[in-house]
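Asker: Listed here are the chains, written in short residue letters.
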Amino acid sequence: MNGSNNDHKLRFSNTGEESIMYDRGTVKVVVFACFIIVLAVLLTGNISYFITRNAVVDKLKSRDLVYIIESIATKVDSRIGRAQETSLILAKDPTIVQWIDGEEKDEVLGRLAKDKVNIIASDFDYANSFIVSAKTNHYWAEGSRLIQVMSETDPNASWFFEALKSGKSINLNIDYNSGRQDTFVFLNALIGNLQKPIAVTGVGLSLKDLAQEFQQDKIGNQSNLWLVDANGKIHLSDDLSHNGKYLNDFVPLNVFTQIIKDISNTADAPKVIEYVNGEGEKVDLVYRTTKSTDWKLVYQLPRRESIALLGSIKLNTAIASLIALILMIFVFYIVSRRIADPLKRALLITKEMEKQVAERTRELAEQNQKIIDSIDYAKRLQESILATKDELEKVLGDYFIVWKPRDLVGGDLYWVRSVSAGCSLVAVIDCTGHGVPGAFMTMAVNSILNHIVDQSNSNPADILTELNRQLKATLHRNDLNKLVDDGLDIGICRINNKELVFAGAKIPLFIKRGHEVHTIMGDKKSIGYRHLSDDLEFTNHTWQIETGDKFFLTTDGFIDQNGGERDLPFGRTRFIQAILDLNENELFQQQYELERILAEYMGTEVQRDDITVIGFAVH
Amino acid sequence: MESLHIEKTKSTPAIYFDTDNHKLSIEGQSYPENAFKFYEPLFNWLDKYLQQEQQVVIEIYFHMPYINTSSSKCVMMLLEKLEDAYKAGKKVVVHWYYDAENETALECAEEFKEDLVLPFEITPVEAEK
Chain D
0 MNGSNNDHKL
10 RFSNTGEESI
20 MYDRGTVKVV
30 VFACFIIVLA
40 VLLTGNISYF
50 ITRNAVVDKL
60 KSRDLVYIIE
70 SIATKVDSRI
80 GRAQETSLIL
90 AKDPTIVQWI
100 DGEEKDEVLG
110 RLAKDKVNII
120 ASDFDYANSF
130 IVSAKTNHYW
140 AEGSRLIQVM
150 SETDPNASWF
160 FEALKSGKSI
170 NLNIDYNSGR
180 QDTFVFLNAL
190 IGNLQKPIAV
200 TGVGLSLKDL
210 AQEFQQDKIG
220 NQSNLWLVDA
230 NGKIHLSDDL
240 SHNGKYLNDF
250 VPLNVFTQII
260 KDISNTADAP
270 KVIEYVNGEG
280 EKVDLVYRTT
290 KSTDWKLVYQ
300 LPRRESIALL
310 GSIKLNTAIA
320 SLIALILMIF
330 VFYIVSRRIA
340 DPLKRALLIT
350 KEMEKQVAER
360 TRELAEQNQK
370 IIDSIDYAKR
380 LQESILATKD
390 ELEKVLGDYF
400 IVWKPRDLVG
410 GDLYWVRSVS
420 AGCSLVAVID
430 CTGHGVPGAF
440 MTMAVNSILN
450 HIVDQSNSNP
460 ADILTELNRQ
470 LKATLHRNDL
480 NKLVDDGLDI
490 GICRINNKEL
500 VFAGAKIPLF
510 IKRGHEVHTI
520 MGDKKSIGYR
530 HLSDDLEFTN
540 HTWQIETGDK
550 FFLTTDGFID
560 QNGGERDLPF
570 GRTRFIQAIL
580 DLNENELFQQ
590 QYELERILAE
600 YMGTEVQRDD
610 ITVIGFAVH
Chain W
0 MESLHIEKTK
10 STPAIYFDTD
20 NHKLSIEGQS
30 YPENAFKFYE
40 PLFNWLDKYL
50 QQEQQVVIEI
60 YFHMPYINTS
70 SSKCVMMLLE
80 KLEDAYKAGK
90 KVVVHWYYDA
100 ENETALECAE
110 EFKEDLVLPF
120 EITPVEAEK
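One line per chain: the protein sequences are D and W, in this order.
Using numbering that gives the first Met the number 0, read the first sequence as starting at 0 and increasing by one per residue.
Using numbering that gives the first Met the number 0, read the second sequence as starting at 0 and increasing by one per residue.
Extracted from the complex, chain D is given alone in its bound form (with noise of 0.2 angstroms):
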């Protein structure tokens, strides 16, 4: 049973403490603000992202696929410039002319004629060299080879006479050979006078090693370069399985359309379109024309290929990104428990105070109830020193006591004494101090006047005498505090049948007879005190007693309280008229009428002294 009683007290208290660690307003501010990060790094990286992709697709159209393009043509035309060059050297040179002017009948001529060509064949990489005699119609292939007499009725034959009619000193003739899956481009330049010429010469040359560069100067692996000629026939690709067949066999009908119909010089200002294959891509191309031919060179991109490279942006971003994210958060998180842990030590410190408050106050409260307890206790000891009620009724008769210390006990006291048959004394004293102090005082003041009266003095002015004597003598019996210089006021009567005789010690007697008071004021001196004299003496004043006399005593805790609209003290002439207004009741039922006065005239205000008053009637 115990142990699970501990175990839910520890889950409680750790549950406490996670509600102090992860505050609740704390992770609502770490999750907001990790989301805010999230968003702001997605969409600087997508912003990041579009803006790079822009940026390069319009830099691969505007300069990439243009800047290829017209790389290639410029292959492609140096190419046919140089077998160009190389056809009218060979047209121009001597040796040949005059070989074949001479019909081929020079022997040495022929042999070096030849060499020539077989030379410019081998060592400058032509695929053909040749030589056709317009006087011979012989055909003088490269290694000497005489291969073909022309003739008029033979297609294969009918360029050469296309060239001689031309009368242009080079022609180009492309002959695409399907079994070599090659085109040839020959290059024929015109021997002799250029309206009456007497042979053909030139290079042929294989376009197929620049199948070869088309190769290395596209980008990515699904871009095409290709070389169509007018019809839209593929004569030259990177892929040498395109060769042969047609450009709309890869390009849709309409971009074919357009190419082929463009006859703008394309040759300076290659041009760009956009459009969508049959999967659904998007594809770039780029075309223009060669300067040498009237053949286009089209290169086709598609687009993934060419921002491939932008996934490995894509990448890079996003692993940034991540890391940024778990940065921020891992700052975050640091941050947070820096907020919250003063707060927790803050609310830690706060719950260990109010336990040490509470445990204070218990311990307060204990002792409170301690010295409560050990007053209450005081309490009874000065009331059992007090006149018992049967006592007062046998001294007085008719009376009332209005006994109210201000705290639990207090220096006020009242005392009866009966001397001797109809002889008996009674007094008010009040001593300096209140509470437990002053209640040290009346126990010893008790025992000294008790002490007194046993030594059978029984007037009031020698009893003052005495009691301040022997009061001195007990209070002050050294010197060594002078500050503690305490002492007593008193009104004391001795009632002898109808005699009474008053002493007083600052403290009068108030006597109502009719309806008047008369004051009896006794001494202006108090008894006790350090500065007093020894042998103080105090007088006796002496009142015949009518039926209907009634006798007040009071300390100065009644007349000096305070109250009333100006919070002034009750004051004595206020006393003297309460005296003469209390109806002629049993003067028990005037001290509540007394009291009644008093509380009213008190208000809200503290009782400011112990109060005591008596009043009695003698029988």
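Don't read these hints as lab results, they were simulated from the structure.
For every residue, glycine included, the Cβ atom is placed at its ideal position computed from N, Cα and C.
What you were told as hints is all true, and nothing was included just to trick you.
For the chain W half of the interface with chain D, some residues (derived, Cβ under 7 angstroms), not all of them:
1) TYR30
2) TYR65
3) THR68
4) SER69
5) GLU100
6) ASN101
7) GLU102
8) THR103
Put chain W on the given structure of chain D with help from the hints.
Answerer: Then chain W, alone, in the frame of chain D:
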């Protein structure tokens, strides 16, 4: 010597000793739990003042509506010190003000005055209405 200033509370009077003008004023009710403890600093201060100043001119203004027994003992002790100074030839004047309606205060003042020879004026103050 520096002036002495003790703030007023519900049960103790305000005490202000203006050294420059040689005026001591005590104003307010006096019924502390331990009157001697409350007045002790004033006694010590006054002793020092009387010792230091060769030509003591001191005027005291009392305005105390209520004094409990032990406080009145202290006031008496204070007055006795001044009485001694007066008798030693120093100039001391006591002004005691009381509320015209407060007979207890008047009686109290008269009791104090009774045993003293130094100049002691008792002046009633009409309540402000």
